[in-house]
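Undergrad: The chain contents come next:
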Amino acid sequence: MAEYLLYAVLNIGFITAISPLLLGAIKKVKALSQGRVGPPLLQGYYNLAKLLKKEIIYSQNTSFIMRLAPYLNIGFLLAAAAMVPVVFLPSAEGAPGNVILFLYLLVSAKFFMALAGLDAGSTFGGMGSSREMSLSAIIEPVTITSAAALAFVLKTTDIPEMFAAVLGASLAQYPTLILIGMSLFIVLIVETARIPVDNPETHLELTMIHEAMLLEQTGPKLALMELSYGVKQTVLMAILINIIFPWGLAAEATLPAIAVSMLSFGLKALALAAVIGVFESLMAKIRLFRLPSFFMLALFFSFVTIVFELLA
Amino acid sequence: MNELIIGDDFIKILLVLVLGSAALIITQRSLVSLFSIYAAQSAILAAVALALFTREGTASLLFMAVLTVASKVIIIPFFLRRLLAVMPIKRDLEFHYLTPIGSIILSTGLFFVVYQAFSALSPALEVSRLFILGAVIGVSLALMGMMVIMSRRKVITKIIGYLSMENGVLLFSMFIAEMPFIIEVLIIIDLLMIIVLSAVLAFGIDSSVEAFHKRLNQLGLDFED
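As they're listed, the protein sequences go chains A and B.
Going by full-length UniProt numbering, the first sequence opens with residue 1, and the numbers climb by one from there.
Going by full-length UniProt numbering, the second sequence opens with residue 1, and the numbers climb by one from there.
Errors might be hidden in some of the hints.
Unchecked claim - Pairwise CB distance ranges, derived in the manner of DEER restraints: (1) 267(A) / 128(B): 38 to 44 angstroms; (2) 117(B) / 41(A): 52 to 58 angstroms; (3) 50(A) / 84(B): 46 to 52 angstroms; (4) 128(B) / 104(A): 40 to 46 angstroms; (5) 117(B) / 35(A): 51 to 57 angstroms; (6) 99(B) / 204(A): 25 to 31 angstroms; (7) 197(B) / 266(A): 54 to 60 angstroms; (8) 59(B) / 259(A): 49 to 55 angstroms; (9) 43(A) / 84(B): 40 to 46 angstroms.
Just so you know, the hints here were simulated from the structure itself, not pulled from any lab data.
Idealized CB from N, CA, C, for every residue including glycine.
Just chain B, with the same shape it has in the complex (with noise of 0.2 angstroms):
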């Protein structure tokens, strides 16, 4: 029993630290940061899983984590770090709708929101108050993730947008969905396309193709012409 309260004071700790890489992703300005933070989120998402795998016993959730390291604390990050490499940018000044200020207040707000939702939707739900409480940090999580695509400019942030907000449904299924291990998989191969694509977009939408061979070149994705 106390090792079970031990455990859940661990994922509190863990969630805690979800919501604070939340926050500085929504306020960050400097691109190496903001995939740092990535990388940060993603590994405590990966002992979250691992922290509930000792808590279940569900494979899956061992898998999940493992896939989580392998792929959105290495992979993703050494990806995103080579193409910033080539970038001429190194920080995203520029901002839509809303500035960090008012994606911060707003995600206050929608973080209220969601929890009032889920305390209404709590009774019918009957899990235990760790498990609405890692849902409801899970979709606010998803729902900054979508501010941070709807506020920023540059693609390279919303990609950011886009990792995080995944990251967010990750720990809602986590929690309350459980999701096969199969669809995970899948929606980080999804990701990973994604990166590719934009990564891409980014680069060649304002080059001819010449120039835009030769930047693929220096990303070392290598073309036969």
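Just chain A, with the same shape it has in the complex (with noise of 0.2 angstroms):
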């Protein structure tokens, strides 16, 4: 028990200490592709403390829904970031981790966030919902498609175990994950409303889903809300690049072991970060009729997984 609560603190802390950062370096990458300067790395950072120290004002027509939205926002988000280890992996009995609660947990902070969106009743907050409501809609079978390939591929449903199971073995041996790696690249990309679904730097109309959604929130409750999101991220990163790329996670809690966890991690991710940074240079936004071409790639690659496995 005091090991799986050290696990859920030190776990917690870290992914929430760092997704400012990984925010700032998509962005650095992208700038920096772009040819331009770009905002600093910690600039995450200096945001938050910036809205954190404003005050909160409300529409009059928002009702307590708009209040708690926040609160539960990243109280969903930091339950599932309790799932997917990054520190070290926790003893199997007693640490949740299925997958099938993990995704449940992303899609009640979604739904929050739809509905805090739709409160105030401005015309950009019910926009943004209407658009990730009907984003969600066609993402999720794709999402709970990869999850159930991973499972089938693993033979586990629970997340620290998956990550047990590739850190004990090679890549060789389970040659399908580098198609599962596509699908949750894929689902990183939707789910975090990055380019070509969604820009996140732009607030147009003809653009916007997830910041139209938060349009509505000011100071410390935008803080938590924009936290979250970088939050989401963090988790979504870490699914994906300690199923392809486990090298560093620590199986036991030692101090060694969590210092070489967390470092790894760190430049791992930021790896990552910056291929998304260049990703989303290369590409140009899709229109939104044209997204479930993209979303069925993920699809695609998630069943060929699973009839590839029932082969081999």
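Using the hints, build the complex out of the two chains.
TA: Now the structure itself:
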């Protein structure tokens, strides 16, 4: 129990702490690849500090949903963060990590964010929520199929057990993980509302999905929403990283092992952030109605993984 | 024994990559990317042939790998890129019957049907599971290539469909049919001819004789009048 408590505190703390850095890294890589200098790497932290000092203003039309949503959102995502080991692998008993529960937590966070977007009754918020929910309806089966393929290949629905399975094996033993990796990358791009699905840097009516839902949030509440976005991204990145490149993840809770684990995760996450930044710079935003073909690629890879496993 | 297992895993990884490239060929719209993906797919096939050669020791597999690299990784993509340089279009945005989403869904179905068919056949074929896997992916790749030919409107993309289909046949022959090497050489020559002919057709179909000659000169295919 004590070990699990240590794990939960360290894991959630580390994921929360590194999230703004990864957001900053993606922005920096994007800026550099486009020939701009870009904001400093630590800009994410400065933004959060600035927002936390500001006052909160609500529209008169809002209800308790608006006030509650940021807490619920970050709460669900931190609970999800506890299920994805990045500091060390907790022992099997007593550590929750079911992938289905994990997906439900992510969806619950999204649900409350969409509800808050609708709550103020502004046109932008409603539009953002409507777009988010339409996309979710299409991407959800793809996410579930990817998780199912992952569970099928690694013979478990428990996320720490999945990590333990790949940690003890090489990629050669699970060749289909390459295909799952591609699916997970697409899911990561879609779930974190990045190009080609959404453009996280603009506030234009044509492109806004995620930002539109946050327009009515102010001050520390907005900081919480921004932080929860970062946490969600880090958690999804952590799954992709620890499934495909598990090296460095500690199997037991000793101080040097945890330090190595944190360092290696930090480096791998920065590398993935660079890949996402370059990927975003290379792509143009896809038209909303053409997005399903992007998702279908992930569905195809997941499905093919299952058939491949049946044959191999 | 251990070495053999590593070899199998390596082939499986390559087969996974072949499937990934097939999916990208179906969905990709930019012609430059299509040619690069085709070249990459052919390179992966050459690697499969090499891996099988180290395992089986059949010399024709080695020749096949060399021939594939020379023709499909270097010559054909080079020719296609030169073609693209003088062509007015850079992207293929027109589709018949099926959009990329429809094609991807259909190819998922195709893959499943081929898998079902081969699972039923596998006791009769008496080969190892790896070979059945290679055969299933080979036939699926051929069918996906056929789908590209059916669903794209532009001749240049249809060529990629043909080429990808031939890659599927090659994969199938490597794992199950053991096609004689001479047939493979003849197929490659056919492919080159198809490419030259379809390039000429793709160019000449909408131009007068004089304009056609001028265009061929741009391609470097000079004619004596």
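Undergrad: Look at the Cβ atoms of residue 128(B) and residue 104(A) and judge whether their distance stays inside 40 to 46 angstroms.
TA: 41 angstroms, holds
Undergrad: Falls inside 38 to 44 angstroms, the C-beta gap from residue 267(A) to residue 128(B)?
TA: 40 angstroms, holds
Undergrad: Looking only at beta-carbon atoms, does the pair residue 117(B), residue 35(A) fall within the given range of 51 to 57 angstroms?
TA: 53 angstroms, holds
Undergrad: If you check the beta carbons of residue 43(A) and residue 84(B), does the distance land in 40 to 46 angstroms?
TA: 41 angstroms, holds
Undergrad: Does the Cβ pair residue 197(B), residue 266(A) satisfy 54 to 60 angstroms?
TA: Given about 56 angstroms between the Cβ atoms, the range holds.
Undergrad: Is it true that residue 59(B) and residue 259(A) lie within 49 to 55 angstroms of each other by Cβ?
TA: 54 angstroms, holds
Undergrad: Per the hint of 46 to 52 angstroms, is the separation of the Cβ atoms of residue 50(A) and residue 84(B) within bounds?
TA: 50 angstroms Cβ-Cβ, so the 46 to 52 angstroms window holds.
Undergrad: At the C-beta level, are residue 117(B) and residue 41(A) separated by a distance inside 52 to 58 angstroms?
TA: 54 angstroms, holds
Undergrad: Holds or violated: the 25 to 31 angstroms window for the beta-carbon distance between residue 99(B) and residue 204(A)?
TA: The hinted range 25 to 31 angstroms holds for residue 99(B) and residue 204(A), with Cβ atoms some 27 angstroms apart.
Comparing the model with each earlier hint shows no violations; every hint is respected.
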